[in-house]
Amino acid sequence: MLVREILYAPIFWRRTKTEFWALRGVSFEVGKGETVGIIGKNGAGKSTLLKMLCGVTRPTEGTFKIEGRISALLEIGAGFHSELTGRENVYLNGSILGIPKKEIDAKFGEIVDFAEIHDFIESPVKTYSTGMFLRLGFAVAVNMDPDILVIDEVLAVGDLQFQKKCIGRIKEFQASGKTILFISHDINYIRAICDTALYLKEGTLVASGDAREVVSRYTEDLEREEAVVSLRSGGLEVVFEDGKLSLVWQGRPLTGGPGMYSTFLVNGHWHESVLARWEVIERKPGGFMARGRWQNLPLVQEWSVRMERTDFVKIDINTEILESLQIENASINLMLDEGYRRWEASGESGDFPREFALDWQKLKVIFPDGGEKMNLGVLPDEASRAKYPAVSFALLRPPEGVNGVVHNSERSFMCRNLHYALLLPPGGGKIDVGKYTFFNGSIEIAP
Amino acid sequence: MSDFIQEAANIWRRRDLVWNLALKGFKVRYKSSALALLWAVLNPLLMMFIFVAVFSYVVRLKIPNYPLFLLIALIPWQYLSHCVSLSPTVVISNSVLIKKVMFPRESLPLSLVVEHGLSFLISLCLLIIFLIAYRIRPTGWAALFIPLALVQVMFITGLSLLLSSLNVLYRDVQQLTEVVLLLWFYATPIFYPISMVPEKFQGWYLINPMAALTVSYRDVLLYAKPPDLFVVGQTVLISLAAFVIGWAVFRRISPVMADMV
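If you read the sequences in order, they're chains Z and A.
The C-terminal residue of the first sequence carries number 483 in my numbering, and the numbering is unbroken.
The C-terminal residue of the second sequence carries number 287 in my numbering, and the numbering is unbroken.
These are calculated hints, taken from the structure and not from any lab test.
Every residue, glycine too, gets a C-beta built ideally from N, C-alpha and C.
One thing to keep in mind: the hints can contain errors.
In silico EDC-like links for lysine to aspartate or glutamate, alpha-carbon gap of 20 Å or less [as the list claims (entries may be wrong)]:
#1 A/Lys53 to Z/Glu119
#2 Z/Lys138 to A/Asp42
#3 A/Lys125 to Z/Glu189
#4 Z/Lys409 to Z/Glu480
#5 Z/Lys423 to Z/Glu480
#6 Z/Lys207 to Z/Asp246
#7 Z/Lys68 to Z/Asp246
#8 Z/Lys138 to Z/Asp149
#9 Z/Lys409 to Z/Glu380
#10 A/Lys53 to Z/Glu158
#11 Z/Lys68 to Z/Asp183
#12 Z/Lys214 to Z/Glu249
#13 A/Lys57 to Z/Glu119
#14 Z/Lys137 to A/Asp42
#15 Z/Lys320 to Z/Glu238
#16 A/Lys57 to Z/Glu158
#17 Z/Lys237 to Z/Glu65
#18 Z/Lys77 to Z/Glu238
#19 A/Lys125 to Z/Glu380
#20 Z/Lys77 to Z/Glu249
#21 Z/Lys214 to Z/Glu146
#22 Z/Lys143 to A/Asp42
#23 Z/Lys350 to Z/Glu480
Covered by chain Z, according to a simulated footprint, are these stretches of chain A (three or more residues, beta-carbon under 8 Å) [as the list claims (entries may be wrong)]:
#24 123 to 136
#25 258 to 269
#26 276 to 286
Turn these sequences into a full structure, and let the hints steer you where they fit.
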């Protein structure tokens with residue numbers, strides 16, 4: 037018995053020493069074909085839950101039952117080796133995930149297509165850009181054709197381009213009737229793709245059911261402590277979260293994807309506000325001020341948002357450049373739900389195409405006409421009038437060199453896009469250290 | 027028992043994983059070097075020359091064909107020594123995988139055994155060249171080398187499973203193995219013949235499976251005679267025990283690995 041005791045003792049000893057229940061008393065059921073979002077703050081037990089479901093760790097007590105092949109994506113590119121080529125890593129990773137070689141052979145082309153690394157598939161992974169690495173990792177995991185797909189907060193590591201690509205793939209899964217469990221910090225994604233949601237807090241389940249209701253319960257909680265602000269007035273709710281602003285009208289999201297966000301093109305790469313580190317520095321009734329530090333650029337933005345009337349949101353954004361910088365494009369985007377059918381730009385209007393194309397479609401470009409403001413907007417059609425109030429996105433006192441554009445997004449985003457950009461000389465304009473006005477404008481709702 | 031069989035079947039189903047991990051380890055070791063895979067041959071070759079030079083000219087023992095005598099012992103020893111010194115860290119160094127992906131955890135130590143098994147095979151090819159160079163004519167007994175080597179593989183596998191899992195609980199294991207390996211090297215008749223060990227201790231001495239295997243390898247390859255059956259039988263039992271204990275311990279610890287790496 038001695039050997040046995042020696043082996044048992046340390047396990048028990050360590051367990052009792054650091055007893056902490058990451059998750060306790062959580063019961064739920066997920067039907068086939070459902071998409072379930074799991075939300076909660078860091079340390080709430082979300083990841084532990086998924087880890088148990090895919091067998092990485094075992095529950096101390098309690099049981100669960102899974103029917104079907106489960107594929108877990110807890111971390112993108114876990115097990116990738118930087119010295120090996122893309123191809124070698126695909127096969128190695130596939131075999132770690134338990135995909136038979138034949139299946140990988142069959143899916144190889146699809147994986148490479150998704151990752152967009154055709155020319156690099158024979159190069160070591162260490163030469164890949166972050167985006168290539170993430171896309172390849174994601175592609176391997178989702179291509180194993182599971183019945184149940186488990187995804188843990190993997191979108192947060194990539195840029196918008198990557199996120200929307202993954203979301204597109206996730207939607208395909210949904211459409212083919214697969215079951216999805218999805219962790220995301222991004223409540224917009226949860227709202228957009230999940231039917232139901234689970235809200236975990238300190239290891240217990242505090243809310244479950246309709247995704248939108250659970251999300252709003254969660255944002256209420258978050259608001260008190262985190263970089264999330266929700267302003268409400270009448271039927272309109274404006275939610276700020278980590279560098280994006282979304283609009284919710286009577287419980288229905290009007291914005292799509294990341295909502296309103298700003299972005300800079302530097303050295304051929306887009307740096308979006310959603311990737312910056314944000315903190316809310318001031319809160320007052322009907323307004324807030326948030327400050328975000330870009331992670332890869334010497335750049336800080338301050339967003340001041342005020343709900344001046346129940347249908348009018350004033351937005352002022354300043355940019356502070358900390359080191360002089362070559363910027364090729366600076367723009368602010370408002371992404372709106374596909375339910376909007378018509379656009380409006382400085383008095384002109386037109387229809388959005390019914391279908392989303394493979395690429396972004398520019399529908400209208402406007403320039404400052406010397407007036408006090410420029411205006412872009414979206415309108416519902418007769419049928420959707422009740423659900424979608426008209427939204428107008430205005431730029432006050434437009435400076436020279438600005439243009440406003442109405443876009444129809446590409447297929448995987450499925451959004452209408454209103455966008456103001458500062459035109460800079462090709463190759464970029466050098467911006468000196470200092471504080472600049474980035475955007476003075478407003479969003480107005482007309483039910 | 028049926029548990030064991032089921033698990034063994036599970037690992038067998040995933041044998042491609044063990045193979046791919048081993049291949050990865052092998053490739054990664056040589057990938058960025060200019061001579062690449064040539065090192066897989068060059069490395070053991072240089073090692074052999076150094077050992078042979080040191081022990082032939084510094085430690086002067088009157089043994090016929092001494093370089094061969096040494097290599098026959100040294101090559102299997104190096105296989106064990108590589109596996110034993112790397113096993114303790116093979117699980118903890120793959121913590122990302124352990125925490126994020128479900129796969130049979132056994133495949134990590136097993137792949138190590140396979141990976142260094144490949145190096146072992148390369149070294150064996152070199153050994154055959156040496157045997158030919160020394161005009162040693164193999165007899166039928168030489169064929170016994172293969173089952174003997176398989177016993178060693180079983181022994182090493184047991185040790186790797188044991189060390190890789192125990193080190194998850196106690197990081198002391200990896201410190202300890204370094205010291206124990208050094209002691210073990212001298213306690214195995216690698217550069218000296220077993221006849222130098224006092225007769226009355228030899229029974230105890232041969233409990234060490236590496237001592238027993240070394241003596242047997244020399245018997246079948248160099249001295250063209252059968253190995254001592256009792257010693258071999260004893261070694262088979264000890265290796266089997268090492269394998270069973272190693273796996274049992276690994277299975278006991280593997281459910282908590284993700285929490286402890």
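In rising order, the numbers of the hints this structure does not comply with: As far as the earlier hints go, 12, 15, 19, 25 are violated by this structure, in ascending order.
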